[in-house]
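Make the full structure from the sequences, and use the hints.
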Amino acid sequence: MEIILLLITLLIAGVLSFFAKKTKHSGLITLWGQILAAFFALLLCFKITAAGPVTLLNFFYADALSAFFLFLISISAVSSAFYSKWYFKDEENTGFYNALFNLFVFSMYLVVTVNNLGMLWVSVEITTLASAFLVGYRNNKTSVEAAWKYIIICSVGITLALFGIILLSYTATADAGIKSLNWTELNAGKNILNPMVVKAAFIFIVVGFGTKAGLAPMHNWLPDAHSQAPSPISALLSGVLLKASIYAIIRFLIIAAGSVGFSFCGNILGLFGLISLGIAAFFILVQKDLKRLLAYSSVEHIGLISVGFYFGGKIGIFGALFHSLNHAMAKGLMFFSSGNIIKKYGTNNINQIKGALETVPLAATAAFIGMFALAGMPPFSIFMSEFAILMSGFKGGYYYSASAVLLFLAITFGALIYQFGGMLYGKKPANLEKTKEPLDIAVFFGVIIVVMLIFGLHLPEFVNTIISNAVDVVMGAGS
Amino acid sequence: MEMMLYGVLVVALMMTIVKRFSALVTAFAVQSFLLFLLIFIEAVKSGSIQLYVVAGLILIMKVIAIPAFLGRIVKKIKTSEELGLFVNTALSILIAVALVGISYYFIGNFLPSMEKESKTALVISLSVTLIGAFIMILRMKALAQVVGLLIMENGIFLAGASITDGVPFFVEMAVSFDVFVAVIILGVFVYRINSLFTHIDADKLNELKG
Numbered sequence: 000m001e002i003i004l005l006l007i008t009l010l011i012a013g014v015l016s017f018f019a020k021k022t023k024h025s026g027l028i029t030l031w032g033q034i035l036a037a038f039f040a041l042l043l044c045f046k047i048t049a050a051g052p053v054t055l056l057n058f059f060y061a062d063a064l065s066a067f068f069l070f071l072i073s074i075s076a077v078s079s080a081f082y083s084k085w086y087f088k089d090e091e092n093t094g095f096y097n098a099l100f101n102l103f104v105f106s107m108y109l110v111v112t113v114n115n116l117g118m119l120w121v122s123v124e125i126t127t128l129a130s131a132f133l134v135g136y137r138n139n140k141t142s143v144e145a146a147w148k149y150i151i152i153c154s155v156g157i158t159l160a161l162f163g164i165i166l167l168s169y170t171a172t173a174d175a176g177i178k179s180l181n182w183t184e185l186n187a188g189k190n191i192l193n194p195m196v197v198k199a200a201f202i203f204i205v206v207g208f209g210t211k212a213g214l215a216p217m218h219n220w221l222p223d224a225h226s227q228a229p230s231p232i233s234a235l236l237s238g239v240l241l242k243a244s245i246y247a248i249i250r251f252l253i254i255a256a257g258s259v260g261f262s263f264c265g266n267i268l269g270l271f272g273l274i275s276l277g278i279a280a281f282f283i284l285v286q287k288d289l290k291r292l293l294a295y296s297s298v299e300h301i302g303l304i305s306v307g308f309y310f311g312g313k314i315g316i317f318g319a320l321f322h323s324l325n326h327a328m329a330k331g332l333m334f335f336s337s338g339n340i341i342k343k344y345g346t347n348n349i350n351q352i353k354g355a356l357e358t359v360p361l362a363a364t365a366a367f368i369g370m371f372a373l374a375g376m377p378p379f380s381i382f383m384s385e386f387a388i389l390m391s392g393f394k395g396g397y398y399y400s401a402s403a404v405l406l407f408l409a410i411t412f413g414a415l416i417y418q419f420g421g422m423l424y425g426k427k428p429a430n431l432e433k434t435k436e437p438l439d440i441a442v443f444f445g446v447i448i449v450v451m452l453i454f455g456l457h458l459p460e461f462v463n464t465i466i467s468n469a470v471d472v473v474m475g476a477g478s
Numbered sequence: 000m001e002m003m004l005y006g007v008l009v010v011a012l013m014m015t016i017v018k019r020f021s022a023l024v025t026a027f028a029v030q031s032f033l034l035f036l037l038i039f040i041e042a043v044k045s046g047s048i049q050l051y052v053v054a055g056l057i058l059i060m061k062v063i064a065i066p067a068f069l070g071r072i073v074k075k076i077k078t079s080e081e082l083g084l085f086v087n088t089a090l091s092i093l094i095a096v097a098l099v100g101i102s103y104y105f106i107g108n109f110l111p112s113m114e115k116e117s118k119t120a121l122v123i124s125l126s127v128t129l130i131g132a133f134i135m136i137l138r139m140k141a142l143a144q145v146v147g148l149l150i151m152e153n154g155i156f157l158a159g160a161s162i163t164d165g166v167p168f169f170v171e172m173a174v175s176f177d178v179f180v181a182v183i184i185l186g187v188f189v190y191r192i193n194s195l196f197t198h199i200d201a202d203k204l205n206e207l208k209g
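Just so you know, the sequences run in chain order A and B. Quick note: the first sequence, position 384, residue 383 per numbering that gives the first Met the number 0, numbers continuous. Quick note: the second sequence, position 86, residue 85 per numbering that gives the first Met the number 0, numbers continuous.
Careful, some of the hints might be misleading.
Beta-carbon label-pair distances, calculated as ranges [to be verified]:
(1) B:E206 <-> A:I416: 28 to 38 Å
(2) B:F196 <-> A:F95: 16 to 26 Å
(3) B:F196 <-> A:L406: 35 to 45 Å
(4) A:T434 <-> B:F169: 46 to 56 Å
(5) A:N463 <-> B:I40: 55 to 65 Å
(6) A:I191 <-> B:E1: 27 to 37 Å
Hint data in this document are derived by calculation from the structure and do not stem from the laboratory. No residue lacks a Cβ here, since even glycine has one placed at the ideal position from N, Cα and C.
The structure is reproduced here in structure tokens:
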């Protein structure tokens, strides 16, 4: 029931915000729509945690893994909606933007609640279609170029994933006699699937959804799309869109692992993860564009999440899921605060942004703290999840890979401090005056920072349970 | 049935040597029509209403609506019909044949236990998918990329129709709808690219890098 309410709320918010005449009203409708949707999502989380998986009409299925992703989406969506209302306050005709914002979030909630793997594919494709115009929203040369690459590359990727799904469906009918593509049924019969076909299918699926998740070397669309989209959308893309694709990969991983063993699936993810970490570290070091830098940082963190699945074990998977959540929060904060800095300077170019602490002190302070959180400095929560992933790597005997991860993380740490140091300190341009920043944005930044600190120092029992239950689903103990 | 499958492959190979956009769209319509026949024959054999609906959808959308829509765009933006080949036709067909070989090798190696008929269908559908990707990469015009994507989707559709007992009906519907929406959105962006850049050469969309 909550699922229906959740989805209907978002659709209604989308329609209302489209017809709202004033920018302020449109933004408010989106914000309250997202808050209400998040409320239903959390309600669903509690229900699943207390009473197990929820099914509805043989179409929706939400277990503990879905619950974790519902939690993640709801946090990111509400914060992005809040920031988006502020970010667009001086612009007109935002109805179209807000409607697509709601539709985009709708499609991501849909990804994590459908049962049928074909519908899962369709939902992931809807996320691309809904966000294409958001990426190209500015309608100038660079943003249209970014949007074009985004749809084309992601559609090709997802088409390959569909081929994988069809292979899986073939072995399901031929070897296991399962007529439907429902995840629950495939999961129940995963032991009798043909391992060779499953292997081929899983490769296609990882390459396909991996494109959408931003795994290197299929990540080419990501820096373009992230840098050209308006900042609230960049945060959504980074925070949840990439994770929604990771969710899709995990769903298939559970089935494939039951058929061909966890290590085969883990190795593939580990390979892509390590390539992503390496490429991202290099591009962060030499980056000249602030938002592209943050985009490459997303490639790095997605890489780290897949490496978490490669190292595996309870701790590794816990780390990977926990890291998804932490990255969404830290990257959200970074895109929001950088959005303010970019608004002030009117450029994304790192060399032209100097002395931000003097001109936009609040946003710059938030970016300063967010940078350390993102780089994995204790006591912020990213440190904890990175630590968990690395620990499972060393414990599992993956010495070379874990050392490589450590090296890449160290390079990124240094690169982030180097890049942001130049932007935050230094001499401010003479023509820029200090801006007075509103209190609500300061509180907003503060809340995100405090939550990251709390999650880093002591993970609340509720969140811990949600993640642990999701880990059980991935390990095959739950469901 | 076999005839139709090979027909789909032959049309796909022909697509790699055409130089004009209208020829590419016509070839796509022909290929989609062959898919329609495949499904239609299947529908007559089994008498399943769902298959009739799927066949009808293909006929309306892929054989009629999408080619018409693409043709309209070309007329409206008054661009030249040239596709802009990065590699000449002789090399293109060689690469395409190599792709068929790769598909044959991949399917043979990974799925040795499959029956011969399914195997043929799967090799052809994978080849068509790869040829679609090839057209997307090695043709300059943005519109050629749209058709390349559609060809890839045709390949996937063929796989779904021939090796499984049919992907569930509502999934089939949803996928078709998705493709349709994607083509329309891409069409809108072609207009935007044309008005902002005054050309639709996808290879010149290279301002963003690094």
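Hints, one by one, checked against the model:
1. Between E206 of chain B and I416 of chain A the C-beta distance comes to about 29 Å, which sits within the given range of 28 to 38 Å.
2. Hint check: F196 of chain B to F95 of chain A, Cβ distance near 23 Å, so the stated range 16 to 26 Å holds.
3. In this structure, F196 of chain B and L406 of chain A meet the distance hint of 35 to 45 Å, their C-beta atoms being roughly 42 Å apart.
4. Between T434 of chain A and F169 of chain B the beta carbons are some 52 Å apart, a value that agrees with the proposed interval 46 to 56 Å.
5. Between N463 of chain A and I40 of chain B the beta carbon distance is about 57 Å. The supplied range of 55 to 65 Å therefore holds.
6. Between I191 of chain A and E1 of chain B the Cβ separation comes to about 31 Å, which falls inside the hinted range of 27 to 37 Å.
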